[in-house]
Amino acid sequence: MAIGVDIEDIYRFKDKSEDFLKRVFTPSELIYCNKYSNPESHLAARFCAKEAVVKALTALDIEGISYNQIEVFHNEKHCPSIRILKILDKNIKFQLSLSHDRSKAIAFVIAEEQ
Numbered sequence: 007m008a009i010g011v012d013i014e015d016i017y018r019f020k021d022k023s024e025d026f027l028k029r030v031f032t033p034s035e036l037i038y039c040n041k042y043s044n045p046e047s048h049l050a051a052r053f054c055a056k057e058a059v060v061k062a063l064t065a066l067d068i069e070g071i072s073y074n075q076i077e078v079f080h081n082e083k084h085c086p087s088i089r090i091l092k093i094l095d096k097n098i099k100f101q102l103s104l105s106h107d108r109s110k111a112i113a114f115v116i117a118e119e120q
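So the sequence shown is residues 7 to 120, counted in my numbering.
It should be emphasised that the hints constitute simulated quantities derived from the structure, not laboratory data.
Here a beta-carbon is modelled for each residue, glycine too, at the ideal position from N, C-alpha and C.
Check each hint, because a few of them may be wrong.
[Unchecked claim] In silico SDA-like cross-links for lysine to any residue, where the CA-CA straight-line distance does not exceed 20 Å:
hint: 1; residue 1: Lys92; residue 2: Lys110
hint: 2; residue 1: Lys83; residue 2: Lys96
hint: 3; residue 1: Lys99; residue 2: Gln120
hint: 4; residue 1: Lys83; residue 2: Phe114
hint: 5; residue 1: Lys92; residue 2: Thr32
hint: 6; residue 1: Lys96; residue 2: Met7
[To be verified] Label pairs and their in silico Cβ distance ranges:
hint: 7; residue 1: Thr64; residue 2: Phe26; range: 18 to 26 Å
hint: 8; residue 1: Ile37; residue 2: Ser109; range: 36 to 44 Å
hint: 9; residue 1: His80; residue 2: Arg18; range: 21 to 29 Å
hint: 10; residue 1: Lys92; residue 2: Ile37; range: 16 to 24 Å
Based on the sequences and whatever the hints tell you, model everything.
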């Protein structure tokens with residue numbers, strides 16, 4: 007088992023270039039975030055999740071995953087979840103918690119080898 011956490015300032019995700027957004031986020035994530043009047047808070051939370059996943063995977067000796075190969079989605083219970091869009095040598099189960107307020111976003115991830 008490994009954990010990862012990240013916290014970011016939301017203002018850093020306001021008015022980002024299309025190149026940055028496409029390099030970091032999946033099309034599904036961009037559709038989800040852009041449906042809100044303040045997409046930057048949702049983008050920041052997802053970025054935190056991706057960074058937390060990378061930290062947890064690194065602790066499990068898994069490297070070489072880019073941010074756009076990590077997707078945050080909502081499962082059938084409407085809870086935020088992680089999907090890896092790259093085949094890994096190990097089967098990993100993730101637990102994710104996201105939060106944001108007016109100025110900060112945070113994500114906490116637990117990764118477990120199955």
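A quick look at each hint next to the structure:
Pair hint Lys92 plus Lys110 does not hold up; C-alpha atoms about 29 Å apart against a cutoff of 20 Å. Straight-line distance between C-alpha atoms of Lys83 and Lys96 comes to about 25 Å, which puts the hinted pair past the 20 Å bound. At roughly 7 Å between alpha-carbon atoms, Lys99 and Gln120 fall within 20 Å of each other, so this suggested pair holds. Taking the CA atoms of Lys83 and Phe114, the gap is near 18 Å; set against the 20 Å cutoff, the hint holds.
Restraint check for Lys92 and Thr32: satisfied, since their Cα atoms lie roughly 13 Å apart, inside the 20 Å limit. Of the supplied pair hints, the one linking Lys96 and Met7 holds, its CA atoms being roughly 13 Å apart against a limit of 20 Å. At roughly 23 Å, the beta-carbon separation of Thr64 and Phe26 lies within the given 18 to 26 Å, and the hint holds. In this structure the hint that Ile37 and Ser109 lie 36 to 44 Å apart at CB is violated, the actual value being about 25 Å.
As the Cβ distance of His80 to Arg18 is approximately 24 Å, the hint placing it in 21 to 29 Å holds. Restraint check, Lys92 to Ile37: a C-beta distance of roughly 21 Å satisfies the suggested window 16 to 24 Å.
The structure does not agree with the numbered hints 1, 2, 8 stated previously, though it agrees with the rest.
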